[in-house]
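**Student:** So you can see what is in the structure, the chains are spelled out below.
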Amino acid sequence: MVSRKGKTNGDAAAAAGAGTMERAVIDRDGLDALIAALQDDGYQVTGPAVRDGAIVPGRLATGADLPMGWTDSQSGGHYRLEQGDPDRMFDYVVGPQSWKASLYPAEQLLFTARRGEHGFTVDEPRIDAPRLAFFGVRPCDLAAIRTLDTVFEGGPFTDTRYQVRREGVFIVAVNCARSADTCFCASMGTGPKAAGGYDLALTEITAEGRTRFLIEAGSERARPILANLPQQPAGAKDVEAAETAVAKAAKAQTRAMVPEVEALLKRNLESPHWDQVGKRCLNCSNCTLVCPTCFCSTVEDRTSLDGHEAERRRRWDSCFTMDFSYVHGGSIRRESSSRYRQWMTHKLATWHDQFGMSGCVGCGRCIAWCPVGIDITEEARAIADSEGRK
Amino acid sequence: MGANGKNGNGRSNGNGNGHGNGKNGLSERPKLAVWKFSSCDGCQLSLLDCEDELLAVAEKVEIAYFLEATRAQVKGPYDISLVEGSISTPEDGKRIRKIRRQSKVLITIGACATAGGIQALRNFGRLYDYITAVYARPDYIDALASSTPISEHVPVDFELRGCPINKHQLLEVLNAFLNHRRPNIPTYSQCVECKRHGTVCVMVAKGTPCLGPVTQAGCGNLCPSCDRGCYGCFGPKETPNTSSLATWFGWQGMSQRDIRHVFRSFNAGAEAFRRESESHE
Ligand code: SF4
Ligand code: SF4
Ligand code: SF4
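Residue numbers (our numbering), protein chains in the order written: chain A, 1 to 390; chain B, 1 to 281.
Watch out, some of these pointers could steer you wrong.
Stated by the list, open to error - Chain A is nowhere near these chain B residues, computed Cβ spacing over 10 Å in every case:
hint : residue
1    : A72
2    : Y140
3    : H280
What the hints assert, rightly or not - With the Cβ distance kept under 7 Å, some of the chain A side facing chain B (calculated, not the full set):
hint : residue
4    : D52
5    : A54
6    : W316
7    : M322
8    : W369
Think of the hints as simulated: they come from the structure by calculation, not from any bench.
Where a beta carbon is used, it is the ideal one built from N, C-alpha and C, also for glycine.
Extracted from the complex, chain A is given alone in its bound form (with noise of 0.2 Å):
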């Protein structure tokens, strides 16, 4: 796990135990009240919005934007929104798109350039990002943040674009009382309940027909905050109704990752069983642009018509197109397991090797929104199953 030098959202257990302050239980008006003054403090504050039949990220006004009654029902290849308990504010889990797309815009322009009398000089643009809080951030996003932070800031070379989006961004995670078909976090680590790198964090608690929230705080700069929330204090029980809410998700779920599985893919390489995979998988790329983690990219220049000004764009790109495997004479990849495999094994078994920690932190995107429906999970144990049989 990376640190963030200079950073003040720390984690959870730094907070735990220390001072008064840290821990309370308010009300929907609380909620209100934290968007409020988290913009008061200048923040843009985006969290979950209902558009185009999904959950995806908004900009929130008000508590009122957020999708209260709303729950979702997630298998392969299907995501369909469904009014739920009407009372309840953060029933249903991740949508189509991650916060990726504000730390990573899907398209950035690195630079123009002009040619003039002697060569040509070239505009950097500069970064205009908001300070962004986001509010409702799952676990395992939590933990698809860390990776990202890991990916762009944690090796020898900084993104920089990614630096100024992320310095100062404030989370508000959101425990999980509820899972998804499509959710297996609970085999990765990395949730239901979120293990630190937030500012606060928020499990709903329905206790005497109310439904209410549970709110610690997790960093330092996140304490006068809560102080100021209109709020009771919490006791023992609604502490122990948010754990039960989250052991339950827990164990609600469906789908485990199978154990070891880094290893079980090395040794697998040569499985017949991609050829298999392959002849579903239609590489449409779905898979890579939903992963929260996914950071691959691609650049492309254009001149203006007169080739006097050009420009480079750099995008999100993905393992399964064949351009990116395109050396001089063509791709290397050119059958469709070959591209699937590099996916699945670079999140579960490379990964570690690159970056010291799993590529994914199961989410279930890549499992809802494959457009027929295939399953990272299924997949890893139907090589675990093979190994058996032979």
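Model the placement of chain B with the ligands on the given structure of chain A, informed by the hints.
**Tutor:** Relative to chain A, chain B with the ligands alone:
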């Protein structure tokens, strides 16, 4: 200029956009011609639709032949020929050969020119049946039994897909040829565009059948962003896995007839779509 032949729909090469050598030997103010074969004129209209940019293009090139825009005609040879439409009459076949001989660079534009167009639906039936059903005097009609892309008749330097083509892509291709570089025309799926734009997948979230996962991007994300499935206007993408998608459509309750029909529209004649539709006869 190396007219390196077919750049067909069935291509599976990441370098499918390649057009031979870098310097294309075009003149100082290259002569541009726009030709029409069997088509609806929609792709030529995309060029007219460029408006402001068209003026910039007109400064860089001499528009030597473009009947849709002007009656003035300048004799060949031409540096760049844009060809719209498919070959569907014996006369078409002769004319395209003549144009090829007169053109340094020949770029086909649109589904008709690159895949045979909607009129290639006749390739699946009998020409005679259609002609007698439509025309009072079938004997006046001199048409070929099939409608085929230009690349089946002459070597083509670049194929720009779409029904109709996207004007930004057209400008990019002209720009690239004028600046001696490779055009930035991706061959990956429409889904990549959906995700980059943040469009919620209509197939997964609504159950709307969508050809996006097997279709080349290029339209600028038109249909899925309006809550519709992709109709496949830009033809098969690189390495299209149509059979897996068709199997999925079937599981979602689509009939064999409907599956056949989704693959039989503007790009019905494109190899991958043709084969898929025929396997649901
Ligand atoms: S696994 Fe699914 S989402 Fe990923 S490329 Fe293959 S078909 Fe597309
Ligand atoms: S690989 Fe799939 S489940 Fe894992 S983090 Fe990416 S999208 Fe989520
Ligand atoms: S709407 Fe269609 S093109 Fe877009 S992601 Fe979904 S399947 Fe792909």
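**Student:** Please go over all the hints and tell whether each is borne out by the structure.
**Tutor:** Hints versus structure:
1. A72: holds, 22 Å
2. Y140: Holds: least Cβ distance 45 Å, greater than 10 Å.
3. H280: holds, 17 Å
4. D52: holds, 4 Å
5. A54: Holds - the Cβ of A:A54 comes within 7 Å of chain B, reaching about 5 Å at its closest.
6. W316: holds, 6 Å
7. M322: holds, 4 Å
8. W369: holds, 5 Å
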